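Chemist: Okay, here's what each chain looks like letter by letter:
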Amino acid sequence: MATDDLLGNRALRHFDVCIIGSGAGGGTAAYVLTRDDARQNVLVLEAGPNPFPGLDRHPPAPLPFPLHGNDELKYAVRGYIQQDPFLEPRSFRIDDTSDAKLAGDVNGLPKAVGGAFQHADCKTPRFNAVDFRLKTAMDALIAANPGLLVKGFNDEPANFSDWPFTYDDLEPFYAEAEMLYGVQGQAGDNVFESRRSSTYPMAPGVPMYFALRLADGARRVTLPGYGPLSPHTYPAAINSRFYGDRPPCVDCGLCSGFGCPNNSKGSPAVTTLRHALLSGRCQLRFNATAVRLLNDGGHVSAVEYVDGVGRRQQATAGAFILAASAIESARLCLLSPTPGGAALGNSSGQLGQNLMFHLQTTVSGFLPERVHGERGRAVTHGISDFRGVAPGGEEIRLFATDAGQRVALGGICEFSASQGLPITEDGDIYAFQLPGPLGARMGLPLKNVLRDQALGQHLFGLVMQAEDAPQRTNRVDLDPRYVDVHGLPVSRVTYKSHAYELETRKFYLPIMKQIVQQAGAKGFTVDGDTVYALVRPRDALLGLAPSSRHIMGTLRMGPDQASSVVTPAGRFHDVDNLYACDGSVFPTSSGYNPTLTIIAVALKIAHGIVGT
Amino acid sequence: MQRLRFPRLPPGLVPAPAPPALLRTPGVLFGRREFVKGIGAVLLALALPFTRLRRVYAAARGRFFTADELATLEALCERILPADGDPGARDLGAASYIERLLTAFDRPVPLIFAGGPFSNRNPFPDNSTGTPSDKRPRDAFRRFIRLTGAQRLRWQAELLGSNQVPGAAFNDAAAGGPLPGLRQMYRDGLRVIDTAARNMAGAAYAALPSDQQDAILTTLDRTVFTPDARRGMSFVDVLIQHTLEGCFSLPEYGGNRDGRGWALLGLEGDDQPLGYSIFSRATDGYDERPDHPMSTPNPDELAGARALSPDGERIQQSIMTLATAVSKFFGE
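For the record, the sequence lines run as chains A and B.
Quick note: the first sequence uses our numbering, first residue 3, plus one each step.
Quick note: the second sequence uses our numbering, first residue 884, plus one each step.
Hints are not guaranteed to be accurate.
[To be verified] Pulled a few chain A residues facing chain B out of the computed Cβ check, cut under 8 Å:
| id | residue |
| --- | --- |
| 1 | Leu8 |
| 2 | Arg80 |
| 3 | Asp86 |
| 4 | Ala139 |
| 5 | Leu143 |
| 6 | Val223 |
| 7 | Gly227 |
| 8 | Pro424 |
[Unchecked claim] Calculated cross-link-like contacts (lysine-lysine; reagent style DSSO-like; alpha-carbon spacing at most 30 Å):
| id | chain 1 | residue 1 | chain 2 | residue 2 |
| --- | --- | --- | --- | --- |
| 9 | A | Lys524 | B | Lys1018 |
| 10 | A | Lys508 | A | Lys524 |
| 11 | A | Lys498 | A | Lys524 |
| 12 | B | Lys1211 | A | Lys508 |
| 13 | A | Lys498 | B | Lys1018 |
| 14 | A | Lys498 | A | Lys508 |
| 15 | A | Lys498 | A | Lys153 |
| 16 | A | Lys524 | A | Lys137 |
| 17 | A | Lys153 | A | Lys524 |
| 18 | A | Lys153 | B | Lys1211 |
Source of the hints: derived by calculation from the structure; they are not laboratory data.
Keep in mind that this is a model prediction, so the values were computed, not measured.
Cβ atoms here follow ideal geometry from the backbone N, Cα and C, with glycine treated the same way.
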């Protein structure tokens, strides 16, 4: 059984590089390293199963269809490719003084060949130019405006730092990423987008009805001091025509949280990872969970992993790249003590720290007409006005308020609605989440509300992906009590929102409500899970762990060994052949979906490793 | 997209409204004394051994439930989603879905994850013209996906309990006990329900009129049946969850007979590979399906919104009321 858990070149025995994780970071790195201009032999270890049988079949055989399907039970209930909360739980607490509870899913991401991006609706906005030098820009703004108080900077300082490279340095890799993954979008549509050197590979597909309603609503709402809001089409790595060997999206609806049955989503498996597998220089072992990096403190000699039948195996390589997502990449270092007993790569003392999730704020309303969110790509439109920067994304905006000037760096808003999931959206809320007689637990009341789809066909709104401040106290470490199926300590996540993002949320919330009202809603509701986590009694925290699925930080990138874990080239400061190339290296989180930036950074790091 | 979720509220934030007048408690139905006696008998029943013979007979038929258990289960599912003008849980096959789940490991490939990418319920698109073609895929959903070792362990623990599966008890001590197995939860739960029915109303649960069935289920819910530490769900929670799954999941899982659960909701269900917009090479653009438009309102709502049922109006109102309370509480 375990011998079948292979894709790519089975004959390879010696590897230049071993990549741990096959998603947006790892798949991208594998592609760059195995290209004809780099010629590295690469081993990829993937902890999860393979939903893409035949992915390594050579042309002229077509790209095979995956095992994904339009199946609510398989994904949303039974977690076909999700990190399993029973086998590999995490624990969660809001600060050091509270007791971490076994929380199962704490921002868990899918574990499978191709990684988490296959499970997303593949939204791919870029970060803004100012995001890469936010600390410098904010300090200058504060110096130029006496009296300006900014939470996280000159008031309750957090651990902000600039990126070790600029937007202009990364821009060519953004362009390469959009081409490789097949991004649809309209250049110039979003006035806040920073300079681009190329147009989008494909035009936007069909818009969703409720998104057009919200876009209309947004145009009728004013940002204080800056005029009407500017809705735009949402860039996404989803085909809107035949692109490469993949077909156009059919807008089947089960997009966010589901694997794509016809390969029209440009996820890593069917793009970069497939290129690597077809190069003849890549071997991918799936159902292979890395559990330890064997090291002498400054050099990694091998990785130990558990294979599909539970045997411990080892793999050697010249260099190792961590791409298991921010929480798992940090955990693997923590599980790999040096001969002196310290965690590998932690000479800065910041390994696992500066964990960032984005503070999501959801404002929803009820539209009298049916929103039919079961047709479409989940999100087709949004606004970027709430990022709090000037058009072009180069400058931080100042807002004049009654209390004086302020900044408000929030994030992009996705226009969203239910995807029409009767079991996990409608049914779950009526029968379980609404308290007592306010809900509809069973019987004809339950049937009537299901038949109406009182939520599923009527609830629509917007979600803001707001930047959260990097804090050393927000971190992942090893839980002292709970273990995973391999008997290893699970990740303990400590996370509490900073006033930086909470105050920004308060600033934009009334404007978000106006958008939903102007779009024709007859009332609204605010989702505030993260805020409840701050005030609820500690013993009631179970189940309130963050679930933004945007995971950044833990292996911060920077020039200084004392304050960062990896170098600007992605190599650990203190381990000479260990790299990281996933969201873990982000110094700050910006306010946009992170995956395109993960891909662009992985491209930059991998090209740097081989000098291509 | 962020899944739209309704917040779980801090306890005590919202005062629980009085129960609706229509809800008849068993105290009224059977008399207070009988009711108390009934609950006592239920608790006693938890300790009684069950007839093994019927169990052996059921297993021999390739089933999990005895005929009596199945009758009780079907009656329970029907109370959760009753038939009216539209089919209920019995018509939709919810109980057979549940039995299929509980016996998932009786087959060489356990019935946990249906295959992909397509059923044969919809045709392929014809991209030369932007219309549906007459070509249909074979039904790949029928061929379930072989489980990995880890998935096998996980789902055996789900069905049998974490302390019954070698290698699955790794967090049992730290987490305050084993994960209860679904098979035992059903065995115990159905026995308690049926014993309650016989004690409180003098007949098997399945034989009672629907209003008495409702009363028994409502009474035992959250009193006798409480959530366990590990799963966080009571037997009734599990029953509701599985009834929803049995009515609205893919028919390949054993319920949602002929897709009639989806029809009841006005959903098309799995709609690949056709989908809702069809790319046309002729126009180098998309055509939408006129009867299922994506960018415009549904055809039946062009003149105005379709009315909700009073229950639908009530639930939307509930959420808006809660939202106001929450906003006030947080000063937002």
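Chemist: Give a verdict on every hint.
Modeler: Hints, verified against the model:
1. Nearest Cβ of chain B to the Cβ of A:Leu8: about 14 Å, over the 8 Å cut. The hint is violated.
2. With 8 Å as the threshold, the beta carbon of A:Arg80 comes within range of chain B, its nearest partner Cβ sitting at about 6 Å, so the hint holds.
3. The interface hint given for A:Asp86 holds, since its Cβ lies 6 Å from the closest Cβ of chain B, which is under the 8 Å cut-off.
4. Here the hint on A:Ala139 is broken, as its CB sits about 28 Å from the closest CB of chain B, past 8 Å.
5. With 8 Å as the threshold, the beta carbon of A:Leu143 stays out of range of chain B, its nearest partner Cβ sitting at about 27 Å, so the hint is violated.
6. At its closest, the beta carbon of A:Val223 sits 18 Å from a beta carbon of chain B; the interface hint therefore is violated under the 8 Å criterion.
7. Residue-level restraint check for A:Gly227 is violated (minimum Cβ-Cβ distance to chain B is 22 Å; threshold 8 Å).
8. At its closest, the beta carbon of A:Pro424 sits 4 Å from a beta carbon of chain B; the interface hint therefore holds under the 8 Å criterion.
9. Among the hinted pairs, A:Lys524 with B:Lys1018 is inconsistent with the structure: their alpha-carbon atoms are about 44 Å apart, more than 30 Å.
10. Between A:Lys508 and A:Lys524 the alpha-carbon distance is near 22 Å, which keeps this suggested pair within the 30 Å criterion.
11. With a C-alpha separation of about 33 Å, the suggested pair A:Lys498 and A:Lys524 falls outside the 30 Å cut-off, and the hint is violated.
12. A distance of roughly 13 Å separates the Cα atoms of B:Lys1211 and A:Lys508; the hinted pair therefore holds under the 30 Å criterion.
13. Between A:Lys498 and B:Lys1018 the CA atoms are separated by roughly 54 Å; this puts the pair beyond 30 Å, and the hint is violated.
14. With a C-alpha separation of about 17 Å, the suggested pair A:Lys498 and A:Lys508 falls inside the 30 Å cut-off, and the hint holds.
15. A threshold of 30 Å between alpha carbons decides the hint, and for A:Lys498 with A:Lys153 the separation of about 15 Å falls inside it, so the pair holds.
16. For the given pair, A:Lys524 sits about 41 Å from A:Lys137 by alpha-carbon distance, which is inconsistent with the 30 Å threshold.
17. For the given pair, A:Lys153 sits about 35 Å from A:Lys524 by alpha-carbon distance, which is inconsistent with the 30 Å threshold.
18. Only pairs whose Cα atoms come within 30 Å are accepted, and A:Lys153 paired with B:Lys1211 is accepted, the gap being roughly 24 Å.
In summary, the numbered hints that this structure violates are 1, 4, 5, 6, 7, 9, 11, 13, 16, 17.
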